[in-house]
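Student: Listed below are the residues making up each chain.
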Amino acid sequence: MIPTQHIIVLAMILFAIGATGMLLRRNAILMLMSVELMLNAANVGIVGFARMRGDLAGQVYVLFVMTVAAAEVAIGLALFMAIFRTRRTVDTDRIDLLRW
Amino acid sequence: MRTAITLIPLLPLAGFLVNVLVGKRLRAMSAWLAVAAVTASFALSVAAFLRLAADPTPITFSLYDWIPVGHFSAPMGILVDRLTTVMLLVVTGVGSIIHLYSVGYMHGDPRYSRFFAYMNLFAALMLVLVMADNYLVMFLGWEGVGLCSYLLIGFWFERPFNGGTTNDAARKAFVVNRIGDFGFLVGLFLLWTTTGSLGFAQVQRAAGAGIFSTTLVTAITILLFVGATGKSAQIPLYVWLPDAMAGPTPVSALIHAATMVTAGVYMVARSHFLYDLAPISQSVVLWIGAATAIFAATMGTAQNDIKKILAYSTISQLGYMFMGVGCGAYAAGIFHLVTHAFFKALLFLGAGAAMHALHDELDISNMGGLRKRLPLVFWTFLIGGLALSGFPFTAGFFSKDEILAQVFATGRIEAWAVGVAAAGITAFYTFRLIFLAFFGEYRGGVEHPHRPGPTMAAPLVVLAALSILGGYLQVPRVVNAFSGYLAPVVGGEQATLALNVEAALMLGTFVLVLVGIAGAWLLYVRRPVTAEAIAAEPGGLMGVIRHKWYVDEIYAAVIVDPIRWTSRTVLWRVVDDWVIHGFLVQFVGGLLWKSVGFVVSFWQTGRIGTYAFGMVLGVLMLLWLLV
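Top line first, the protein sequences correspond to chains A and B. Residue numbers for the first sequence follow my numbering, beginning at 81 and rising by one. Residue numbers for the second sequence follow my numbering, beginning at 4 and rising by one.
Pulled out of the complex, with its shape left as it was, chain B reads as follows (with noise of 0.2 Å):
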């Protein structure tokens, strides 16, 4: 079993190698060894899930010392406990799904071979980071996803994007992440000062010791949660996810929707034990996910772009996770993290499907109609639609309401309003997008769209199938098994609710949901629409949505543009120029030594007769010295 575990970051890493070393020589073959790589790696998690399922002990082993200096030692260590398994089914299942559909998807691509290097370094990276046994080597792997996520988003650097380059999207998505990552770094910091170890077991063992303060362990919680509110896109560091549509749709599917952003989630539960310890910071993260929620969800009502409408919907249910995950259901929260994987892949793959029969169209006022032109990619799309505005007894259905429950549950009423607010939003949004580019007539320009052929087709498929019936893994009372699975790692539910309060509750829920799509199908089916309607820039409160509430403009004014300011006029004129340049430089090192040189030049005289002299004085002053 060990070898398999060690195998299953490793393959997809080798795939890497290959790739970037000989892949241009590959060609097509070159994709295929990707796929296989992290296939495989699958087929080896399916493999530890299994043996996690007969016994729930942790298989845990350390690879080799990596840091070892002086008192502070961090071993390359694994730890595949029932968390790890479900999140490396995700990413590998997931991943594998993504791999192929990029296999059409990126066809012909001049760099196609460095793509799915890139991807299959990113699958090794993540598979590190869930699968550490310590938080230096989650860290490894969150900064190693932050780096892919650069490379991937910037793949295609001769793109405009924006007013700018591909590649400031991407310098946005990792200098973003690096801010969250400090107050990671710092949590760390204080972690490794107290409890002198930086591993996940020693950590807990800690907590239940009551070595923490409950200050301490609130800045410490607080702090990683920075972390995860720049890797999970909440706010204030979700601005980068938009921008990193720029990448290509595979790409947002893996990274920006399935994996990557998941792994704020991920380090919350994992870190279940410190985050008990501290109600405060548990508040915190529920509101903040709370507001993400809503917030997020407004700014998905006014995009025409359909990644960019994506884009504001995965951020808003990474906020639903960290409800979860906030109020002490670390099961519900990862357990949406799985159906919201499944979903939000299928939506993103279903929107490239989209784009590609139109030769790369992103704006939604151009679409329309495809209903009928693109039945597979519509049902499917439609499918990952229901399951992303919770519809009931699709995926989405049954995790958005086991989180509404438990919010509910552990007698935080105003979160749960926002949360079942904002799934009222996203029922509106989602269907917005669907009546917009799917029914209707069509609005652009191309003749003949052409269908996803089978590589695209199958992963569509699979993933409709997925986001109906992983649902039935945690079905209220019925069904357990999704929680009772992790309950050995992250404690069992929080509380349990009434049948008929729970009952109630999905019924409200349901309710708003209808209303939402019952909203847009007025607004946007009943109502004919035209291109320049949708195009238009709405007025008052609709366009200071459509402008993203004007955040990254605030941003730029209050944050970027200061810094920029103080490097250039200070740090760049005063400090460099006058300071090391004028007066170190010119002064210092020329004036002033020069002269100071051109005194003790004098002492050269060349003249034997000096330098004897020299040499008595010197054994005389010794002498002295000595007697």
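Chain A with its partners taken away, still in its complex shape (with noise of 0.2 Å):
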């Protein structure tokens, strides 16, 4: 049996390697990547707990984060592609319309 502290710290470390990936990167779509990467850690870290629990129930939201995640990354990339059009580049440093 594998004690449930592994599987939490295994989705610390993953959620702590998305989160310096999603601030250190430059590129949008490194950065979504590293934002589904922290979502996954998410599941991990619920489905530990609901292994340690005993109740299935952890494992049904963990469906459900999916779900959510799938679509929010598809809003990302829409949203990416559309900035491509018009600035030629995913590089979010140059991407600073908003700036006062």
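It cannot be assumed that every hint is accurate.
Computed, partial: chain B to chain A, Cβ under 10 Å [stated by the list, open to error]:
(1) F177
(2) K311
(3) S604
(4) G609
(5) T613
(6) V619
Residues on chain A that point at chain B, a partial pick, calculated with CB under 10 Å [as the list claims (entries may be wrong)]:
(7) M102
(8) M113
(9) E116
(10) V148
(11) M161
(12) R165
For the record, the hints were derived by calculation from the structure and aren't laboratory data. The beta carbon of each residue, even a glycine, is placed where N, CA and C say it ideally should be.
Starting from the two chains in their separate frames, assemble the complex, guided by the hints.
Tutor: In structure tokens, the structure reads:
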């Protein structure tokens, strides 16, 4: 039996990687990938806790989260496609139209 | 009865609304509508009077809860007791007569219906004042009649007056009244914090239960009296009344002689349960009344404007009323209020008739000999003048002597002496006016003065009759109808004098009155008078008196100009220009804000990365705070 802490620690490490990735990356697509990573890290965590409590309801929540994450990435990609059409770049450092 | 009573102020109010909204279209009817409204109120007032004559129990009820705020509740309450009915009869009775007179007097005026609208509004508000059952509703009426006074004084706002416009006079009236009202309000605040209520019945109970310390009740009564000095034109706040003569003569008759200015006297009488607890305040009231009576009387001797003479006369007679209520003789004071309403309204309306006949001539130096040309006006004016002077067997005689007798009986001999002296001067200036205007040769230029029509003549006759007969309500020892009627409300007479003492007092006053009349005869009938002589500036003491003892100039120099200077130089230039505009707007609002904004704007990079970083930072901080 794998102790639940290992699963939680895994989740935390994945989340940290995702977070730093999102902050440090300039490429918008890669930022979205990092966001996905964070979401899936959260999923792993939920599954681990569900296992610990012996309640399968947690795994159902995970399905919800996955759906939402998919929808969110679709929209995000659509947004960046639109921006690319005008700005010809997905470098977030260059997309600062909302600057003062 | 309750509906009838509620209708009393509502009918004139309805008249006001109708006249304001559709008056122009009604034209002549608008005036008759207004007359009808007040006359109907008079009929209802008579009904109320008869009910209270039969049964002195006051009728009191609340129309609705006007201001219910937390612990404070001021109902729109009505109290009709015997004192109220006296005031109701005066206001609606004399009011109807004057409304009738105005139909003829104001004929042809472009804003005819507006005039009657304002007059009706005034009547409604004055009725609210006298029918109130608590100080707040009374104050509502108090302020309301002040507003109507402003509107009516400045009615002919195109006309120049005294170097300014009539609006200046109207504003002066309103502002001076306001100063008095400030004192009144502080008095009300004290009343409320002490008793928790502003109702007359509740305050009377509290007064009886001994809740008020003497200092407190003295403070309250003096503050309330400050309001009365403003509204009823006593020293020091009388200065607006002579200027108020800028308004049409019916306004002067109704508002500034018979009703509004008597509100202060009514208020003191209504608050008798407070004044009875504060002998110091009573002395204040008594002495200010006495001082005003004689001071104003002197000013009446040197004026040439017929309405100004009557204005100073009103101020002086109001002083008598305050002498009455100040020595505890509330019924006597109110009695003089009633008779004064009759003869002063008569005098004003008569003056108006004379002015109308001579095409709005105000200056008595251009009158003279009107005895032959306007006989009706002359005879009624003479009756009014005799009543004003307190000539025996006129109404004014009985009421004035009643007051003087009561003042003497309560031991205030000095005040009594002042009152008697003022009576002599009153007779003098009254007959100076009568002799100069009605006797001698006509000094003006109008060929055919046109006599007053029926709507103007009838009121004169009615008021003249009342000026003679009205006094018989209270003949010492013989008829005590008036004081008996009011006794359940304000208590009985203060003191009684021995018959011979009272007779001696009456005789003494009468002698002084005759001296006054004789003096006027010698100066103005025996010696030929020319227009120039009358109009000429007298030197020395008379010159000072002619200039109203320079009181207006003193007020201007000591109070008005410093306030204006402060407003202009300090408040305007320093506070408004430098502080608010210079500092707050230009520096803080401009430079400071712009620099801070400039610095902060660097946070807005527009880059997602920066914002994401901010979010993470925030979450970490939250976690740190929570854990």
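Student: Look at each hint and say if it fits the structure.
Tutor: We went through each hint and held it up to the structure:
1. F177: The hint is violated - F177/B has no Cβ within 10 Å of chain A, the shortest such distance being about 55 Å.
2. K311: Constraint on K311/B not satisfied, violated at 72 Å.
3. S604: Constraint on S604/B satisfied, holds at 4 Å.
4. G609: Result: holds, 3 Å to nearest chain A Cβ.
5. T613: OK, holds: T613/B within 10 Å of chain A, min 9 Å.
6. V619: At about 6 Å, which falls below the 10 Å cut-off, the nearest Cβ of chain A leaves the hint on V619/B intact, so it holds.
7. M102: Where the cut-off is 10 Å and the nearest Cβ of chain B is about 6 Å from M102/A, the hint holds.
8. M113: This interface hint is violated because 14 Å lies over the 10 Å limit.
9. E116: violated (15 Å)
10. V148: Cβ of V148/A sits 18 Å from chain B, so the hint is violated.
11. M161: Given a least distance of 16 Å, the restraint on M161/A is violated.
12. R165: Hint violated; R165/A Cβ to chain B Cβ min 18 Å, cut 10 Å.
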